[in-house]
Structures are given as structure tokens and as C-alpha cells.
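Protein chains: 2
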Amino acid sequence: MREKGKLIVLSGPSGAGKSTVVFKAMEGREDFCFSTSVTTRKPRPGEVDGREYFFIDRERYDQMVDRGELLEHAEYVNNGYGTPRAFVEQRLAEGMNVVLDIEIQGARQVYEKMPDAVMIFLIPPSLEELRRRLEGRGTDTQEAIEGRLARARQEYEEARFYRYIVVNEVVDKAAAEFLAIVTAEHCRASDRLHLLK
Amino acid sequence: MREKGKLIVLSGPSGAGKSTVVFKAMEGREDFCFSTSVTTRKPRPGEVDGREYFFIDRERYDQMVDRGELLEHAEYVNNGYGTPRAFVEQRLAEGMNVVLDIEIQGARQVYEKMPDAVMIFLIPPSLEELRRRLEGRGTDTQEAIEGRLARARQEYEEARFYRYIVVNEVVDKAAAEFLAIVTAEHCRASDRLHLLK
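Taken in order, these protein sequences are the chains called Z and A. All residue numbers for the first sequence refer to the working numbering, where the first residue is 93 and numbers rise by one. All residue numbers for the second sequence refer to the working numbering, where the first residue is 93 and numbers rise by one.
It is possible that part of the hints are untrue.
Because identical chains cannot be distinguished in the list, a pair is counted as satisfied if it fits within a single copy or across any two copies.
[As the list claims (entries may be wrong)] Each computed DSS-like pair below joins lysine-lysine, with the alpha-carbon atoms no more than 25 Å apart:
(1) Lys96 with Lys116
(2) Lys289 with Lys265
(3) Lys265 with Lys116
(4) Lys205 with Lys96
(5) Lys96 with Lys289
In case anyone wonders, no lab produced these hints; they're calculated from the structure.
Turn these sequences into a full structure, and let the hints steer you where they fit.
Printed below as a string of C-alpha cells:
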């Protein structure tokens with residue numbers, strides 16, 4: 093019997109390096125996948141249904157919301173986005189660890205619906221370091237950087253329901269901690285009591 | 093500031109391979125150590141005070157019990173044995189992960205005094221496999237083997253308060269899981285909330 097996968101919710105301030113860390117961690121790992129969201133927005137050229145997103149119409153989307161078929165959902169620029177529960181459950185049943193890279197509001201919705209989700213908050217070594225990274229990118233105005241920092245401080249206040257905090261000082265170390273957390277979660281006694289017989 | 097170490101309590105039936113797994117895991121790791129117990133028994137030739145045991149007299153031992161200075165204690169063959177809390181606390185404060193390889197009764201005492209202890213129960217893939225291993229050793233009579241198996245079944249009933257279960261099918265994998273659990277425990281948000289500022 094293949095072990096059920098884990099749902100991993102990864103959040104953290106913009107600039108913390110979530111994508112870098114999670115791609116590094118998932119390198120060569122066939123037991124990890126990302127969740128695929130549904131959206132009501134139209135596909136852009138080159139986007140494939142079921143790959144970037146499941147593209148659905150508003151009627152179906154509203155129905156999914158009403159029926160609790162989305163683990164979390166939110167509106168951006170008049171379009172709905174959400175994480176389909178059935179898709180996630182199916183991947184977990186297949187033994188895949190499913191990664192959700194989402195913001196805190198969505199993370200909280202997931203956590204309420206699936207309290208066994210592995211909640212990981214990724215942070216930079218310090219907010220000063222975050223400032224240096226954002227300035228180093230050279231893509232944001234000073235005002236935008238201040239905005240991101242203020243938002244990070246706000247997120248830190250709201251992040252207290254996460255089970256784990258990983259500090260991204262060195263990407264390899266953060267990726268190793270991410271994987272260690274998933275391995276440890278697979279060893280939780282609550283999942284393995286059937287072995288005590 | 094060096095991160096505080098973790099107290100790791102490892103138990104499991106005789107023949108599960110606790111020593112093998114933990115020695116494999118600790119290979120080359122300077123952030124791990126074993127706890128040193130106190131005992132009232134006399135040192136054997138070659139034993140050094142503070143290395144194999146802290147050798148103490150019965151009066152001091154009883155005093156430590158009365159004052160709650162032992163995380164757990166038990167009597168064997170008219171001698172007292174126990175884990176000195178001060179020693180463990182000091183090693184943890186130095187950033188060492190301290191491993192206690194003890195039976196369930198002692199483990200329960202530790203867990204009650206230090207609920208943050210990382211409780212790991214190591215088991216063989218199955219009781220049939222445990223029987224094969226015990227028979228393969230060739231050191232026990234059939235009667236002794238039946239006794240060990242009966243005891244293992246009893247321990248499985250009592251082990252439900254452990255936080256993690258590691259299956260020792262392949263030593264390297266079990267050692268890796270042991271280390272992953274310790275790494276993950278160091279990432280627990282409850283220990284790292286001070287970083288959210």
C-alpha cells in the first residue's frame with residue numbers, strides 16, 4: 093500500500109525566495125507536485141487547460157464555491173481563482189506530496205478545511221536582508237519596496253498559525269529543511285498507528 | 093545565538109535496531125550526544141565516572157528523586173538508575189541534541205516532565221520480521237523469543253503517546269528519517285516565533 097501524500101502549504105513574504113527554495117527541494121523528486129488551480133479568466137496564448145490552470149466559466153466556479161469544492165479561493169481583477177479539493181485529494185491518494193504556494197488568507201482557508209496540512213512559512217534571515225534583496229533586484233521603486241516591507245511586517249503578525257518556520261539564508265539549507273519537514277510529517281505517529289499491530 | 097538543542101527520546105522493542113539506527117544517524121554529527129545516566133551501582137573495571145555513568149551513592153540518588161532532579165528513574169537489581177535533568181538541560185542549552193535510548197515507562201516520565209521532547213518509537217517492519225531477526229541472531233531460546241514478541245505486542249499498546257513512528261526496514265532510511273525528524277523539530281514555529289519581527 094502506497095503511503096498517502098502530504099498537502100504542503102508554503103507562504104512567506106514576497107522576496108523570501110519561495111519559488112527558488114521549493115524548486116530546489118523538488119529537483120528530481122517524483123513524489124512532489126504542485127496543485128493546479130481553477131480560474132475563470134481566459135487562457136492566454138500557449139496556456140493549456142489542466143496545465144497552467146483548469147479554465148472554467150463563472151457559473152461552474154460559483155457552483156464550486158457554493159458546494160465547498162475549493163480548498164481556498166479569491167478574486168483578482170474580476171476573475172476567480174481557487175484550489176480544487178478533488179484534484180488535491182486525488183493526488184494525495186496517489187501518494188503525491190502536493191505543494192500549494194499561496195498567500196496567508198488562502199492558507200488559512202486551507203488550514204481550516206484540512207487541518208493536517210503541513211503549514212510552512214518561509215522568511216528571509218531578517219527584514220533588513222529582505223530590503224537588501226528587494227533593492228538588489230532593481231525592479232521596484234523605493235516606494236514599492238517600502239510597501240513590500242510593510243506588508244511583510246503585517247504578514248509576520250498573521251503567520252502565527254503556521255506549524256513551521258524556515259529561514260531562507262542559504263537556499264540549499266532551506267530546501268533541505270523543507271524536505272526534512274515533509275519526511276518527518278510522514279513519520280507522524282497519527283498516520284502510522286496501523287503499523288502498531 | 094546558538095539554537096537550543098532538542099531532547100530526543102527513542103524507544104522500541106528489543107531487536108528493532110535502536111542502537112544501529114541511532115549510531116548511523118549520529119555518524120559525524122557533533123550536534124548530537126547521548127545523555128549520561130546516574131546510577132547507584134558500583135563502577136565496573138574500566139568504567140569512568142561521567143562517561144558510562146555518573147556514579148553516586150544511594151543517599152544522593154534518593155535526594156535527586158525526591159527533589160525531581162531526575163527526568164526518569166527506575167530500579168534494576170537493587171540499583172537505582174536515572175537521567176539527571178541538570179545535565180540534559182545544560183547540553184540542550186549548549187545547542188546539543190540529546191538522545192535518550194530508554195524504555196516506555198521511562199519515556200513516559202520524561203514526556204510528562206518535558207512535553208517538548210521529541211518522542212520517537214522505532215519498530216521493525218512487522219512482528220514476523222522481528223521474529224526472523226531474533227531467530228537469526230541465534231542468541232535466544234525459542235521461549236525467550238516468544239517472550240520478547242509478547243513484550244513487543246504489549247509495548248505497541250502502550251506506545252501511542254509517541255509523536256513519531258520510524259520503521260527500521262533499511263537502516264540508512266531509518267537513520268535519515270530520524271535526522272529529518274530532528275531537523276523538522278528545529279523548524280517548529282513555536283521555537284521560532286522570535287524570528288517574526
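How the hints compare with the structure:
no., hint, in the structure
1, Lys96 with Lys116, "within (23 Å within a copy, 27 Å between copies)"
2, Lys289 with Lys265, "between (37 Å within a copy, 22 Å between copies)"
3, Lys265 with Lys116, "both (10 Å within a copy, 21 Å between copies)"
4, Lys205 with Lys96, "within (18 Å within a copy, 34 Å between copies)"
5, Lys96 with Lys289, "within (19 Å within a copy, 36 Å between copies)"
In summary, this structure violates none of the numbered hints.
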